[in-house]
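S.K.: Since the structure of chain A is provided, determine the placement of chain B on it from the hints.
2 protein chains.
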Amino acid sequence: MKRVYLSGPDVFLPNAIELGEAKKKLCITYGFEGLVPADKKLDLSKIPGKYAKGVAIYHADLKLMQDCDFTICQLTPYDGPSADVGTVFEMGWMIGMGKPCLGYTNSPLSMLDRIKSMGHTISIDAQGWPVSEQGLRQEDFDMSDNLMIDGALEAQGFPMIRHAARPDQLYTDLTGFEACLKLAKQRFAS
Amino acid sequence: MKRVYLSGPDVFLPNAIELGEAKKKLCITYGFEGLVPADKKLDLSKIPGKYAKGVAIYHADLKLMQDCDFTICQLTPYDGPSADVGTVFEMGWMIGMGKPCLGYTNSPLSMLDRIKSMGHTISIDAQGWPVSEQGLRQEDFDMSDNLMIDGALEAQGFPMIRHAARPDQLYTDLTGFEACLKLAKQRFAS
Numbered sequence: 001m002k003r004v005y006l007s008g009p010d011v012f013l014p015n016a017i018e019l020g021e022a023k024k025k026l027c028i029t030y031g032f033e034g035l036v037p038a039d040k041k042l043d044l045s046k047i048p049g050k051y052a053k054g055v056a057i058y059h060a061d062l063k064l065m066q067d068c069d070f071t072i073c074q075l076t077p078y079d080g081p082s083a084d085v086g087t088v089f090e091m092g093w094m095i096g097m098g099k100p101c102l103g104y105t106n107s108p109l110s111m112l113d114r115i116k117s118m119g120h121t122i123s124i125d126a127q128g129w130p131v132s133e134q135g136l137r138q139e140d141f142d143m144s145d146n147l148m149i150d151g152a153l154e155a156q157g158f159p160m161i162r163h164a165a166r167p168d169q170l171y172t173d174l175t176g177f178e179a180c181l182k183l184a185k186q187r188f189a190s
Numbered sequence: 001m002k003r004v005y006l007s008g009p010d011v012f013l014p015n016a017i018e019l020g021e022a023k024k025k026l027c028i029t030y031g032f033e034g035l036v037p038a039d040k041k042l043d044l045s046k047i048p049g050k051y052a053k054g055v056a057i058y059h060a061d062l063k064l065m066q067d068c069d070f071t072i073c074q075l076t077p078y079d080g081p082s083a084d085v086g087t088v089f090e091m092g093w094m095i096g097m098g099k100p101c102l103g104y105t106n107s108p109l110s111m112l113d114r115i116k117s118m119g120h121t122i123s124i125d126a127q128g129w130p131v132s133e134q135g136l137r138q139e140d141f142d143m144s145d146n147l148m149i150d151g152a153l154e155a156q157g158f159p160m161i162r163h164a165a166r167p168d169q170l171y172t173d174l175t176g177f178e179a180c181l182k183l184a185k186q187r188f189a190s
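Residue numbers (the numbering used here), protein chains in the order written: chain A, 1 to 190; chain B, 1 to 190.
Okay, chain A solo, but in the shape it has when bound (with noise of 0.2 angstroms):
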């Protein structure tokens, strides 16, 4: 039975215990394993010091990475317009290692759309860029989120998978996330 990692921000939600054992339900249907970071077994208690718990967890969340055959990553925007950082970092690091890598996100919207849906005002520059009223530039791709995001999904032939979730289930619903798990079997099984 294939393993795979299950990446998002849902480790910050009140209720990530929960959401983790119902990701882990739903990949059982298909024929997976998944692993959540929660699954590493690390007593924090034991490390001294903050920092060196920081890096503890690292390692330990790299270990189960490692143990994995693919990842599914969870990109609604968290805490700005983009993905959480930590989830873009594993999805990277995974895709370096040369292990698939499917996404989904629950905001349907371009990262053009959303940058203007949060109060943005964009005008175009003397090089036809979009740029906001701080002078930053800003992606139109007609993607969810930065380049290198949407970019590397489609490069593995799973485009980001977008649904228009609740907003009080932005990071609970799971249609997005049962959509990628129908696309790994079809791959993985032919």
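Since the hints were derived computationally from the structure, they do not count as laboratory data. Model, not experiment: these values are computed from the prediction. One should not assume that every hint holds.
No copy labels: a pair is met if it fits in one copy or bridges any two.
Here are the computed lysine-lysine pairs in the BS3-like style, where the Cα-Cα straight-line distance is at most 27 angstroms [as the list claims (entries may be wrong)]: (1) K99 to K40; (2) K53 to K116; (3) K53 to K40; (4) K99 to K63; (5) K50 to K40; (6) K116 to K50; (7) K99 to K185; (8) K99 to K182; (9) K25 to K2.
M.R.: Using the frame of chain A, we list chain B on its own:
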């Protein structure tokens, strides 16, 4: 001469080209050849459609990274409390590829202090985690960003370089960048 990929939100700045040239000049003084995203050979006018253009840029940037021996990432917070996600993807990918990665931030704050400085009120939940007023857990590891970022740098023996830049030089101050070059020179000489 070793090649270093210069990753960062620099590409979104109005003076991206000048900043890239300044970084490349500094690289030379430390014995490295610096490559920036603008170095790719890509005629976007020949690629039809926004999405396809974005994917083409992804592939071209990946090619540049493949051609480099290591990377220096600008990890100054961008569009929120954390580093630019495109940069973080590249960092993860390079490390997954087994290539060293150094990083600097022009914000001296820890992640938790930055969240507080953005106006969030932090309390402690029943499990002892710091949580924001939205109930989202916050990291408190005396790190400058998400633990996957600082942890990855630490794991390679290149802890995050933190520098307090003047606000008007938040993305252009090269003190931290030059500190990374010094560390890289020491490492690769030995």
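S.K.: Now, for every hint given, state plainly whether the structure supports it.
M.R.: So, going through the hints one by one against the coordinates:
| no. | hint | verdict |
| --- | --- | --- |
| 1 | K99 to K40 | both (20 angstroms within a copy, 26 angstroms between copies) |
| 2 | K53 to K116 | between (39 angstroms within a copy, 21 angstroms between copies) |
| 3 | K53 to K40 | within (13 angstroms within a copy, 40 angstroms between copies) |
| 4 | K99 to K63 | both (14 angstroms within a copy, 18 angstroms between copies) |
| 5 | K50 to K40 | within (18 angstroms within a copy, 41 angstroms between copies) |
| 6 | K116 to K50 | between (38 angstroms within a copy, 18 angstroms between copies) |
| 7 | K99 to K185 | within (15 angstroms within a copy, 32 angstroms between copies) |
| 8 | K99 to K182 | within (17 angstroms within a copy, 33 angstroms between copies) |
| 9 | K25 to K2 | within (14 angstroms within a copy, 47 angstroms between copies) |
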